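One letter stands for each residue in the lines below.
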Amino acid sequence: MEQFLEFAKGSLFAGSFVIMVLGLARTAFITLWGTKNALDKAGDKNIPYKALIKETFEWMIPIKHITNSRSAISIVSVVFHIGLIIVPLFLLDHILLWQKLGLSWPGIPAAIANVLTITTIVTGGILLLNRIFHRDTRFLSSVIDYALLVLILAIFINGFIASKPFNPIPYNLVMVIHVMAGNLILILVPFSKLAHCFLYPIMRIASNIAWHFPARAGEEVNKTLYGEENKKV
Amino acid sequence: MTIKEKPKNKYPYYIEAPLEYKRVDAFLKAFSAILEHSNYKFILDLYTRISMKCARCASGCQIYQTTGKPEDIPCYRSSILLRIYKRHFTLGGWMKSKLTGGSGITEKDIDEMLESYYQCTACRRCTFYCPMGIEHGMITHLGRYILAEIGIVPKALQVSVREQLEGASKNTSAIPVPALIDTLEFLEEEIEETKGIKVKFPIDVEGAEYVFFAPVSDYLLEADTLMGMACVLQTAGISWTIGTGNYDGINYGLFYSDDFLGKIVRNEIDEVRRLKGKKILIGECGHASRTAKNFVPTYNEGSEIPVVNLLELTLKLLEEGKIELDPNVITEKVTYHDPCNYVRSGWIIEQPRKIIKSFIKNFVEMTPNGKYNLCCGGGGGTVSVDEVKDFRMNAAGKKKADQLRATGADIVITPCANCKKQIEEVIEYFDLPMKRMGLHDLILKAIKLK
Ligand code: SF4
Ligand code: SF4
Chain P
1 MEQFLEFAKG
11 SLFAGSFVIM
21 VLGLARTAFI
31 TLWGTKNALD
41 KAGDKNIPYK
51 ALIKETFEWM
61 IPIKHITNSR
71 SAISIVSVVF
81 HIGLIIVPLF
91 LLDHILLWQK
101 LGLSWPGIPA
111 AIANVLTITT
121 IVTGGILLLN
131 RIFHRDTRFL
141 SSVIDYALLV
151 LILAIFINGF
161 IASKPFNPIP
171 YNLVMVIHVM
181 AGNLILILVP
191 FSKLAHCFLY
201 PIMRIASNIA
211 WHFPARAGEE
221 VNKTLYGEEN
231 KKV
Chain L
1 MTIKEKPKNK
11 YPYYIEAPLE
21 YKRVDAFLKA
31 FSAILEHSNY
41 KFILDLYTRI
51 SMKCARCASG
61 CQIYQTTGKP
71 EDIPCYRSSI
81 LLRIYKRHFT
91 LGGWMKSKLT
101 GGSGITEKDI
111 DEMLESYYQC
121 TACRRCTFYC
131 PMGIEHGMIT
141 HLGRYILAEI
151 GIVPKALQVS
161 VREQLEGASK
171 NTSAIPVPAL
181 IDTLEFLEEE
191 IEETKGIKVK
201 FPIDVEGAEY
211 VFFAPVSDYL
221 LEADTLMGMA
231 CVLQTAGISW
241 TIGTGNYDGI
251 NYGLFYSDDF
261 LGKIVRNEID
271 EVRRLKGKKI
281 LIGECGHASR
291 TAKNFVPTYN
301 EGSEIPVVNL
311 LELTLKLLEE
321 GKIELDPNVI
331 TEKVTYHDPC
341 NYVRSGWIIE
351 QPRKIIKSFI
361 KNFVEMTPNG
371 KYNLCCGGGG
381 GTVSVDEVKD
391 FRMNAAGKKK
401 ADQLRATGAD
411 IVITPCANCK
421 KQIEEVIEYF
431 DLPMKRMGLH
441 DLILKAIKLK
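Note that the protein sequences, when read in sequence, are chains P and L. Residue numbering for the first sequence follows this note's numbering, starting at 1 and increasing by one per position. Residue numbering for the second sequence follows this note's numbering, starting at 1 and increasing by one per position.
With the rest of the complex left out, here is chain P (with noise of 0.2 Å):
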């Protein structure tokens, strides 16, 4: 059991943390390059990006839209997400294991990491009960916008319980849990939803962009179609 915790901490950390980075690459360079397509082929290339990058910032700190719609649901929302970022990224032995890497930066202190466990926890547990009980989220919901919620939370409890005294699963179990589940995270990141986690800077510019037709689209499209550029309406 030890054995496979250490090579599931080494290697297939590395080997995880390799295919997110290409994933994401893969993800990155289809976005840029079909947003920069997009904009060369705009017959209006004016777009408002000051404005636009504003708005994402608002929407990131989203004080000013909490009230818009479901106040409760959104709060718990953005409570789980400050976890969700900091602890993966910032718990002292997280940071050991990115050192691995060679990667480095200062962690936070213990305390503050279980404070926002517990809340990513807590906040992510009414996330998935708003999932199963909320009659408009269930019905947009499919299989794996459950299993990404579970996954998450598997993750943050599990390594949550692992190094406490209450813990009554033996810590290598627990730890070979926890790690094999957040590799399974790192794998899935550019391949599901939670590619939002990076491509969210780039979608209200985005939108935008696409609002820009190219000027000769409705043209090009009749020719493919009927063979001729103007058709009878």
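To be clear, the hints were calculated from the coordinates, so they are not data collected in a lab.
Cβ pair distances, simulated, as ranges:
(1) L:Lys-96 - P:Leu-39: 27 to 33 Å
(2) P:Phe-29 - L:Asp-402: 44 to 50 Å
(3) L:Lys-316 - P:Asn-37: 35 to 41 Å
(4) P:Val-150 - L:Pro-433: 50 to 56 Å
Remember, predicted model here, so these are calculated numbers, not experimental data. Even for Gly, the Cβ is constructed at its ideal location relative to N, Cα and C.
Start from chain P and add chain L with the ligands according to the hints.
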């Protein structure tokens, strides 16, 4: 006149003739051609990746708020087309279908899209509620475009566009030039009778600063709006003209076809060129303004023709002191309805309010308002489709009615031809104690003519 046999399609009122070919194949073919030549592919890629399925957008959509049908949740609406895109146009979707044995697009999907994309008013309100900023209005727009390429278009929209692009009158209401000129003469006489001053509607003046495009239905229905505008422009000494080559600002291309959208915009540009005008002036109309403002730069390919909305111009003239409005004429309680196509981009929100507050003392806001205002319920061209009146009233218009009633106003100002028609019907249908007017209808009453 012969009555055509009713098409045996499930939605007979939507289309002109039954389709004789397999819709599924045709749909995919059209979809792929559109993806190839337009700019939608990359955004569909992005949206399929980051749709979070959180349902936050549900609270932004007044259709959903009224019907409560989960199928009306914006994210679900968009997911129909996104699913088809993913399955048929991405590697991942193809692999998934091989693994899970999932089938592709079906006839049922086409029916569902047709229903769904014409029960969305493309008002774009939901975007403000989505943390990811997904533009469901754009997906609706694209869905309708693809459907139109396989012959599925509400008849009312198609007939209007046909008249505008191929008909003799070149406008959606089929008003011939002599009738237009008669109307303008009548309006001039009317102003002289009521206001005692001769105000002209300049026709075909070369080199004017502004070439004016009204939503053409105004010439039939909105005399007061037009007279108010003419008074403002003449009093301020603005050089403007109506061109007899093309005088219709309506652009239903925005509601179902990028091809026609472009052609109609180009016709506007051509008319401005013919008259050697400098700027395009669009009257009280939301979608006419948005199509010109957003798409003249696109279809004019490079060279610049500024697009100005009438409310912007009137405010400017008011602030420069070139027109004067009597603050004692309008005593009723007045509220203002923001057309979606003015406000979602943040373009025209404060201008009308400044004008209103300058001469109307008893002004109340409706809630929500401005950028967040509720759609009148007739957006996205649905207002022209009489067959869906039931939907426009009971699903899309109901919240509007509640919102209007809550203001307790006597007059609701609606500076958009589509909103005017829809809100008039809402007022009648829900028996609201108010009347709707254009902003320039009130200006007509209050303006001091020199
Ligand atoms: S665009 Fe308007 S009508 Fe359509 S889904 Fe969004 S809020 Fe609803
Ligand atoms: S708010 Fe945005 S991400 Fe959430 S369900 Fe709606 S469209 Fe999807």
